[in-house]
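Generate the whole structure from the sequences, applying the supplied hints.
Each step along the sequence shown adds one to the number in the working numbering, with nothing skipped, and position 39 is 39.
To be clear, the hints were calculated from the coordinates, so they are not data collected in a lab. From a predicted model like this one, the values you see are computed outputs, not experimental measurements. Please note that the accuracy of each hint is not assured.
What the hints assert, rightly or not - Pair ranges (Cβ atoms, derived):
#1 A179 <-> S48: 34 to 40 Å
#2 R156 <-> V128: 20 to 26 Å
#3 R73 <-> L155: 44 to 50 Å
#4 L60 <-> V163: 17 to 23 Å
#5 V128 <-> G47: 21 to 27 Å
#6 E130 <-> E50: 29 to 35 Å
All C-beta atoms, glycine included, are put in the ideal place defined by N, C-alpha and C.
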Amino acid sequence: MTGFARYDPDAGGRAPAEVSLRPATKGDVDDILRLEVAAGRAADAVGSAEGYRRAVADPLRCILIAEAADVGRRTVVGWAKTHHHVEQVDPAPPGHYLGGITVAPAWRRRGIGATLTDARLQWIAARVGEAFYVVNLQNGASIDLHRRWGFTEVLRAPRLMGVAFEGGVGLLMHADLDAASRS
Numbered sequence: 001m002t003g004f005a006r007y008d009p010d011a012g013g014r015a016p017a018e019v020s021l022r023p024a025t026k027g028d029v030d031d032i033l034r035l036e037v038a039a040g041r042a043a044d045a046v047g048s049a050e051g052y053r054r055a056v057a058d059p060l061r062c063i064l065i066a067e068a069a070d071v072g073r074r075t076v077v078g079w080a081k082t083h084h085h086v087e088q089v090d091p092a093p094p095g096h097y098l099g100g101i102t103v104a105p106a107w108r109r110r111g112i113g114a115t116l117t118d119a120r121l122q123w124i125a126a127r128v129g130e131a132f133y134v135v136n137l138q139n140g141a142s143i144d145l146h147r148r149w150g151f152t153e154v155l156r157a158p159r160l161m162g163v164a165f166e167g168g169v170g171l172l173m174h175a176d177l178d179a180a181s182r183s
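Structure representation (structure tokens):
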């Protein structure tokens with residue numbers, strides 16, 4: 001397992017040179033919605049503009065934007081979020097969870113998703129020593145990706161954090177961030 005690099009919001013993380021990361025603002029919500037639709041999300045699964053605005057304003061959550069230089073202007077090419085759950089939901093414990101991540105189709109396979117994940121884990125690690133995420137058992141790519149940060153399976157359930165899983169099985173994954181920062 002490899003540790004995570006220190007995320008510097010001013011330096012833009014470790015994304016490709018033409019891509020930088022920054023905290024999201026309420027002004028990014030329209031770009032987030034456009035990105036979700038461009039990525040093929042169903043309109044009912046995209047979420048509401050007001051919900052995204054509340055998330056961006058919540059100090060217990062980390063919402064990041066990946067943007068690329070595009071002929072003199074910046075274009076949003078990805079975004080990612082965390083959730084902070086204060087109560088147990090289904091069998092999942094309270095804590096900080098990695099939430100959704102979306103990278104524009106034309107910008108995938110360039111390390112942007114990994115950089116967004118790394119930065120969110122650093123944000124969580126500055127607050128607590130562990131992180132969680134839930135994933136569909138069928139999503140082998142996500143499970144494999146998260147192993148680099150030490151995520152391991154905690155339990156399986158048909159419903160986690162209010163999400164019912166296609167195929168019937170979701171995984172609760174956990175990472176000890178204190179251990180990850182030492183490796």
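List of violated hint numbers, smallest to largest: Violated: none.
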